[in-house]
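J.: Each of the two chains sits in its own frame; use the hints to bring them together as a complex.
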Amino acid sequence: MTPPDRYEPYDEPSQPLMRVDGYRESQLRTPSRPLYKRPATLTEITGPLNLAKKLKVGMNDLSRIKQGAPRAMGQLIWVTGRLLDEDAMPVRGSVLEVWQANAAGRYVHKADSGNPAPQDPNFFGSGRCVTDREGRYAFLSVKPGAYPVPNHPTRWWRPPHIHFSILGEGFMSRLVTQMYFPGEPLNGIDLLLKAVPDEKGRERLVARWTPMMQLERADVVGFEHDIVVRGHRATPMGF
Amino acid sequence: MAHRRVPTPSQTIGPFFPEHFVGGADHDLTFLDDKSKRAQGQKIYIGGNIYEAERLPRWNCVVEIWQPDANGCFAHPNDPRRARADPNFVGWGRRSSDDAGWYDFITVKPGGYADPLTGKPRAPHIDISIMSSGLMRRVVTTLFFPGEAANVQDPVFNAIPDAAVRERLILRPEKLERAPNDAIAYRLDIVLQGEGETPFFVD
Ligand SMILES: [Fe+2]
Chain A
1 MTPPDRYEPY
11 DEPSQPLMRV
21 DGYRESQLRT
31 PSRPLYKRPA
41 TLTEITGPLN
51 LAKKLKVGMN
61 DLSRIKQGAP
71 RAMGQLIWVT
81 GRLLDEDAMP
91 VRGSVLEVWQ
101 ANAAGRYVHK
111 ADSGNPAPQD
121 PNFFGSGRCV
131 TDREGRYAFL
141 SVKPGAYPVP
151 NHPTRWWRPP
161 HIHFSILGEG
171 FMSRLVTQMY
181 FPGEPLNGID
191 LLLKAVPDEK
201 GRERLVARWT
211 PMMQLERADV
221 VGFEHDIVVR
231 GHRATPMGF
Chain B
1 MAHRRVPTPS
11 QTIGPFFPEH
21 FVGGADHDLT
31 FLDDKSKRAQ
41 GQKIYIGGNI
51 YEAERLPRWN
61 CVVEIWQPDA
71 NGCFAHPNDP
81 RRARADPNFV
91 GWGRRSSDDA
101 GWYDFITVKP
111 GGYADPLTGK
121 PRAPHIDISI
131 MSSGLMRRVV
141 TTLFFPGEAA
151 NVQDPVFNAI
161 PDAAVRERLI
171 LRPEKLERAP
181 NDAIAYRLDI
191 VLQGEGETPF
201 FVD
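Those sequence lines, one after another, are chains A and B. Sequence positions in the first sequence follow our numbering and run 1 to 239. Sequence positions in the second sequence follow our numbering and run 1 to 203.
Hint data in this document are derived by calculation from the structure and do not stem from the laboratory. Fair warning: this is a prediction, and the values are worked out from it, not measured in the lab. Some clues are possibly wrong.
[Claimed, not checked] For lysine to any residue, the following SDA-like pairs were computed, each having C-alpha atoms within a straight-line distance of at most 25 Å:
hint	chain 1	residue 1	chain 2	residue 2
1	A	54	B	36
2	A	53	B	22
3	A	194	B	203
4	A	56	A	132
5	A	54	B	88
[Said to hold, decoys possible] Footprint (simulated), chain A over chain B, 3 or more residues, beta carbon under 8 Å:
hint	region
6	7-13
7	16-23
8	75-89
9	103-117
10	128-140
11	150-163
12	194-201
[Stated by the list, open to error] A short list of chain B residues far from chain A (calculated; beta carbon distances all over 10 Å):
hint	residue
13	42
14	43
15	45
16	98
17	145
18	146
19	167
20	172
21	173
22	176
23	178
24	183
For each residue, glycine too, the CB sits at the ideal point set by N, CA and C.
Chain B extracted, bound-state conformation (with noise of 0.2 Å):
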């Protein structure tokens, strides 16, 4: 059998992330290029602010998203639908949050599917991943849209048993300053720690 290799220890990203690796657009996902078309679907636009304890807010975090495309289809082998993917949405974006800790996103709402793991239906969702100065590992969860019927049968959703705490990871629509006019906007602060933790999953 062949020699198992244990994963390279996590280690903090520090501060010194540089700057140029979150690109203008990189925390759009609308598009891929300037010669590429828009991805399909509704356009949304996510923000809100990270808070370290005491509810400071934390800049420089690095924040980054995966999700599916608005038919629900990853363009990845592992998807038994990929040929149906959108060519013109990678479903990957970055961001650093500002110095007064915004963040924010540009993409299209996600589809749900049929789970092929788990064999329950996924309600349209966005994983999310954080890492700061003094996060030794990234965290990760995922974050949810209002009002979805599927909501309450999602496996990753119905993980947090208590829900008051899984409401906060539904997002909250609301008129965003930064939002662009033909997006949908939704609010989605995020705690690391104290009151109002943001529930994390194992990663």
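Chain A extracted, bound-state conformation (with noise of 0.2 Å):
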């Protein structure tokens, strides 16, 4: 299957603003300026798509150190999904990554060494896979915890999120992104989710609870997540 070979500008709503109102870093870091439209040439059609070959990857167990360690505090959860584009076709052999904090809400990060939070020295905390001939992505960990932005005069916390990387089939179809859980009331609080102005590209953040007996094991809390980058194929569908 060939990759895709167009690509239109985002759907403005369904993407989030970029300076936020009580988010300090982002207005320190947005450019002031508009940006100038381009035209897209082959570099913007064009991207790694062997990247497998120079990113290690196999890594998806985020819950323990190694194979066989014990395993971190917390509740496991499986979270799993279709790499998508926008015709629904399965984004094949995709480098995806996820990082989260621990249940306690701490990162395994040194920008993160101020967190009163405990650590948890059995957790790893992140993961690379590559999505299969489904597009689909799987990995293992526990739930993150919940953890307050310092200092915010609003006593802004972020709810419970999985952090996404997802390298896709070209330079336009790159996506950084977080997974939210969905009933937290938190959700209703963040002001990063909340910075999606459509409420239906909010609802594209949040994952879906899965059925217990749809799930492969009985210790894991399922959670199914499908992530669409952009991108169509040549071939209109349908026609």
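T.: Shown next, in the form of structure tokens:
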């Protein structure tokens, strides 16, 4: 199957605002001048297809440091879904990276060293895989804890979430996003989730709960989360 | 007709992108792995500072580049000249800006090509993306080389009408401490916001 060769601009209300009230970093780092429109050329409709050669993949268990090691604190979760293009075709062979806080709301990262929440020596905290023939990915992890944004005047807490980085099939299908959990009260006050103006767009960031009997094992809670990256393939569908 | 799916919204990369995801050699595009041959072409080094507002250095940005090989080819099905692409060149690299806001890449000088989409010649160029906490979407721009005759016709370079602004995308030859001895070194600072702001393109 050939990769997409047609990319249209994003539909603005379905993507987040760049400057977000109350999110100070967004005001210091967002360019102040309007963006220039450039034509798509070959450089934009291509992209690295063989990154699994360069980046180590096959890390899909965040819940322990290595195979056979004790598992991290918290509730085991199984997160899976499909990577699709705008025509609902599977995006195969794409590198997909995830990272998240531990069950207490702390990251395995030096930039989180001031966080008073405890570290968990058994928590790996990140994973990288390649999507399969159906565009599917899957990770085993523990449910991330919520965490407060330090010294925020409105006591903003980040709801439980998982960060996703998707390399896709081309420069224009690169996507960095976050996945949220259904039914979390903190979702309603999250400045980053609320930065997406369109309600349907916000819903696209929230995973679906998987009924227990649909899971292959009894010791996990399951979430299903499809991700759509930009791009259309040459052959128009269904005509 | 197939049901159109809307792309998932972007969200900021945040401050906690795992350090091990930005591997030691991911910013060196001149080889794939220890066993592979070196990529063809002139080795170059590109480095610079990233600044946020008030010209404060911005550390912990994730920077990615994408470019054709030394002959202007991509190993990608959308390139009609793909059969000629250098098998030892992937064209993609990643780096995080260090504590002083410095980013850098080692790569080969990209070749120009005749663009099948716009029908215009593309001057040698490198596409660059910057992600950071505070950036709800990535910002993207294109770097160009000094003294290239093809710059004046390049459809992306000319998408910026103000000549003084588009000059900010031209790499500047400079002796840089961290450049390998056998590489031509170029500098390009990226100003996310404020005076001398880098021009960015609609993604
Ligand atoms: Fe986070």
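J.: Now tell me if each hint is right for this structure.
T.: These are the hints, each one checked on the structure:
1. Between residue 54 of chain A and residue 36 of chain B, the direct Cα distance comes to roughly 11 Å. Compliance with the 25 Å bound is thereby established for this hinted pair.
2. Restraint check for residue 53 of chain A and residue 22 of chain B: satisfied, since their Cα atoms lie roughly 15 Å apart, inside the 25 Å limit.
3. Distance check on the hinted pair: residue 194 of chain A and residue 203 of chain B sit about 21 Å apart at the alpha-carbon level, within 25 Å; holds.
4. For a cut-off of 25 Å, the pair hint linking residue 56 of chain A to residue 132 of chain A stands: about 16 Å separates their Cα positions.
5. The hinted pair formed by residue 54 of chain A and residue 88 of chain B meets the criterion: a straight-line CA distance of about 11 Å does not exceed 25 Å.
6. Counting residues of the region 7-13 of chain B whose beta carbon lies closer than 8 Å to any beta carbon of chain A gives 7, which reaches the threshold of three, so the coverage claim holds.
7. Evaluation of the coverage hint for the region 16-23 of chain B: fulfilled, as 7 residues show C-beta separations to chain A shorter than 8 Å, against a requirement of three.
8. Given a C-beta distance limit of less than 8 Å, the hint that chain A covers the region 75-89 of chain B holds, as 5 residues qualify and 3 suffice.
9. Only residues whose C-beta sits within less than 8 Å of a C-beta in chain A count toward coverage, and the region 103-117 of chain B has 4 of them, enough to reach three; the restraint holds.
10. Given as covered by chain A, the region 128-140 of chain B passes the check, having 10 residues with a CB less than 8 Å from a CB of that chain where 3 are the minimum.
11. Coverage of the region 150-163 of chain B by chain A holds in this model, with 4 residues showing a Cβ closer than 8 Å to a Cβ of that chain against a need of three.
12. Counting residues of the region 194-201 of chain B whose CB lies closer than 8 Å to any CB of chain A gives 6, which reaches the minimum of 3, so the coverage claim holds.
13. The beta carbon of residue 42 of chain B is kept farther than 10 Å from every beta carbon of chain A, the shortest such distance being approximately 19 Å.
14. For residue 43 of chain B, the shortest C-beta to C-beta distance to chain A comes to about 18 Å, beyond the 10 Å cut-off, and the non-interface label holds.
15. No Cβ of chain A comes within 10 Å of the Cβ of residue 45 of chain B; the nearest lies about 19 Å off, and the non-interface call holds.
16. Residue placement check: residue 98 of chain B keeps its beta carbon more than 10 Å from all beta carbons of chain A (closest about 12 Å).
17. A cut-off of 10 Å between C-beta atoms confirms that residue 145 of chain B is not in contact with chain A; the least separation is 14 Å.
18. Listed as a non-interface residue, residue 146 of chain B keeps its Cβ farther than 10 Å from every Cβ of chain A; the least gap is roughly 19 Å.
19. Distance check for residue 167 of chain B against chain A: the nearest CB is about 14 Å away, which clears 10 Å, and the non-interface claim stands.
20. Residue 172 of chain B, annotated as away from the interface, keeps every beta carbon of chain A farther than 10 Å; the closest lies near 21 Å.
21. Annotated as non-interface, residue 173 of chain B keeps its C-beta farther than 10 Å from every C-beta of chain A; the closest such distance is 23 Å.
22. For residue 176 of chain B, the non-interface assignment is confirmed: its Cβ lies about 24 Å from the closest Cβ of chain A, beyond the 10 Å cut-off.
23. Residue 178 of chain B, annotated as away from the interface, keeps every beta carbon of chain A farther than 10 Å; the closest lies near 21 Å.
24. Against the 10 Å criterion, residue 183 of chain B stays outside the reach of chain A, whose nearest CB is about 20 Å from its own CB.
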